[in-house]
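Undergrad: These protein sequence lines map, in sequence, to chains G and B.
For the first sequence, this note's numbering begins at 452 and goes up steadily by one.
For the second sequence, this note's numbering begins at 1160 and goes up steadily by one.
Don't take each hint at face value.
[Stated by the list, open to error] The following label-pair restraints were derived from C-beta to C-beta distances:
1. B:THR1203 <-> G:SER458: 17 to 27 Å
2. G:GLN492 <-> B:GLN1178: 21 to 31 Å
3. G:LYS508 <-> B:GLY1199: 24 to 34 Å
4. G:LEU490 <-> B:THR1170: 18 to 28 Å
5. G:GLY491 <-> B:ASN1180: 17 to 27 Å
6. B:GLN1238 <-> G:GLY491: 19 to 29 Å
7. B:GLU1236 <-> G:GLN492: 25 to 35 Å
8. G:THR521 <-> B:MET1239: 41 to 51 Å
9. G:LEU490 <-> B:MET1239: 22 to 32 Å
10. B:LYS1227 <-> G:GLU471: 36 to 46 Å
11. B:ILE1176 <-> G:THR527: 40 to 50 Å
12. B:THR1203 <-> G:LYS508: 20 to 30 Å
[To be verified] A few chain G residues that face chain B, going by a derived Cβ cut-off under 8 Å, partial list only:
13. TYR484
14. TYR499
15. ASP507
16. LEU542
17. GLU553
18. GLN554
19. PHE556
20. PRO558
Rather than coming from a laboratory, the hints here were simulated on the basis of the structure.
Don't be surprised by glycine CBs; every beta carbon is placed ideally from N, CA and C.
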Amino acid sequence: GAGVSQSPSNKVTEKGKDVELRCDPISGHTALYWYRQSLGQGLEFLIYFQGNSAPDKSGLPSDRFSAERTGGSVSTLTIQRTQQEDSAVYLCASSFPAGNYEQYFGPGTRLTVT
Amino acid sequence: GQNIDQPTEMTATEGAIVQINCTYQTSGFNGLFWYQQHAGEAPTFLSYNVLDGLEEKGRFSSFLSRSKGYSYLLLKELQMKDSASYLCAVTAPGANNLFFGTGTRLTVIP
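Given these sequences and hints, build the entire structure.
TA: This is the structure:
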């Protein structure tokens, strides 16, 4: 069966440009998460969706970061006016109801800001 | 806040046993996950512990002591393909996300 997919797999952008990262969760999973993994750092939580709503945006590092989810499925993470410190691997995960359920991760998008 | 500690790197020999420790100090605790992540790939689920004790699953076992804020992942009969990062993650009441440690990079040598 299809797992979590993300696109693009790699993105190189110039500082100051906007980028959009896409996540397709496993069909039927109601919860969706975005994490960021920087070199030498643990996975850092960014935002969580239950259905189309985002009850927890506490991890977004600045107002340049936003995310939406439509149809209870696909999610897009947008970073505006990218900075070099935004360079990282952005991982998406999905699960059945949020909480103590296994999260299935996508392969990530490697973002490089030059 | 959440604080989760793991060793940064470990090396072990093919066929041997290795134990990867994880200690946590968190504001509340529901359960602890272990994930495996090969370089450039997605983390994949290994185990989930809620109650104290040892959970065995093939060559991999995971242990939890809630009173000590401590867990370990035990890998037996190591194979070269076990070279990967092993991520410890905690769930807490009222939080929907996982709180991750920095991961332990395991290198298996012949």
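Undergrad: Could you work out which of the previously given hints the structure breaks and list their numbers from low to high?
TA: Going through the list in order, the structure violates no hint and respects every one.
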